[in-house]
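S.K.: Sequence:
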Amino acid sequence: MPVHLAPTLRVLREEINARWPHRDKASDGWIGDAAHQARKSDHNPDGDDRSVNAADFDIDGIDPLLVVRQCIAHPSTQYVIYNRTIWSRTRSFRPARYTGSNPHTKHLHVSVSHSRVLEDSLRPWGIATATVSKLGDRILRTGCRGSDVRELQTLANRVGARLATDGVFGPKTTTWIRSFQKSHKLEVDGIVGPKTIAALRMATRPPAPQPGRAPGSRTIRTGSKGEDVAFVKRFIGARRCGPASIEFDARTESGVRWYQGMRGLTADGIIGRLTWAEMGVRVTY
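Residue numbering for the sequence shown follows the working numbering, starting at 2 and increasing by one per position.
Possibly wrong hints are sitting among the right ones.
Here are the computed lysine to aspartate or glutamate pairs in the EDC-like style, where the Cα-Cα straight-line distance is at most 16 Å [as the list claims (entries may be wrong)]:
| # | residue 1 | residue 2 |
| --- | --- | --- |
| 1 | Lys107 | Asp167 |
| 2 | Lys107 | Asp29 |
| 3 | Lys26 | Glu228 |
| 4 | Lys226 | Asp250 |
| 5 | Lys135 | Asp167 |
| 6 | Lys226 | Glu248 |
| 7 | Lys26 | Glu16 |
| 8 | Lys26 | Glu15 |
| 9 | Lys226 | Glu254 |
| 10 | Lys26 | Asp50 |
| 11 | Lys135 | Glu16 |
| 12 | Lys196 | Asp138 |
| 13 | Lys173 | Asp190 |
| 14 | Lys107 | Asp57 |
Hint data in this document are derived by calculation from the structure and do not stem from the laboratory.
Let the sequences and hints guide you as you build the complete structure.
M.R.: Set out below in structure tokens:
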């Protein structure tokens with residue numbers, strides 16, 4: 002049976018994408034990298050049906066606390082981790098400090114039950130239809146509070162704002178908005194209306210994927226470039242492969258050889274069909 006994301010998490014991902022279609026997905030993930038595979042983790046396929054029962058969602062461009070609230074109300078959820086805090090079913094979802102090595106400040110982690118009924122559930126998570134403000138629903142200015150302000154702040158941080166994502170449109174947010182408006186030749190009034198939102202979305206829009214560069218669409222080796230190379234670097238991890246750039250360099254090859262040796266494959270440093278498949282990627286060539 003092929004490795005697959007638990008159906009209930011696919012529903013969650015679809016709802017997050019529907020509510021925030023412009024969100025950043027750079028820190029998204031579900032299949033475990035080499036570090037996860039070396040230990041027990043919900044990011045690794047389980048033993049009965051090869052489902053992966055955990056998913057990570059980039060927090061840039063979304064309201065992460067809205068996602069947390071909806072997840073802890075869903076019967077499939079086992080625990081959620083975000084911003085050094087964990088909400089676990091075993092503690093009745095009371096927030097507790099998370100002391101793991103990854104503070105989860107760039108993404109939000111959701112783990113679901115390994116019960117076949119719960120992991121296969123198609124019950125909605127209520128994120129796409131939650132009645133809270135999202136960016137663009139109203140004009141934002143100094144003094145505004147809410148989930149749409151948090152969404153604004155997370156987008157701003159993607160272009161270097163360094164704002165607290167507290168949902169409060171305070172002096173620092175106002176100052177940054179004025180600076181952004183000036184640099185984009187907009188009216189400098191510190192008010193976030195349609196034109197400022199459009200400029201901010203354009204500034205934070207992720208690059209379009211390169212045709213024919215999806216993971217599993219070709220064999221890659223030293224000298225290759227593309228989004229599939231960045232995927233491999235993220236999968237194996239920065240400690241072995243370096244930052245997740247699109248260039249397959251010597252450090253990437255070294256990391257690939259390490260991964261292949263660990264998984265019992267020929268350690269040739271080339272990502273071909275067998276290595277793609279070992280990573281849980283569907284091979285399309």
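S.K.: All hints, please: hold or fail.
M.R.: To see whether the hints hold, each was checked on the structure:
no. : hint             : verdict
1   : Lys107 to Asp167 : holds, 15 Å
2   : Lys107 to Asp29  : holds, 10 Å
3   : Lys26 to Glu228  : holds, 13 Å
4   : Lys226 to Asp250 : holds, 9 Å
5   : Lys135 to Asp167 : holds, 15 Å
6   : Lys226 to Glu248 : holds, 5 Å
7   : Lys26 to Glu16   : holds, 14 Å
8   : Lys26 to Glu15   : holds, 13 Å
9   : Lys226 to Glu254 : holds, 13 Å
10  : Lys26 to Asp50   : violated, 27 Å
11  : Lys135 to Glu16  : holds, 14 Å
12  : Lys196 to Asp138 : holds, 13 Å
13  : Lys173 to Asp190 : holds, 14 Å
14  : Lys107 to Asp57  : holds, 10 Å
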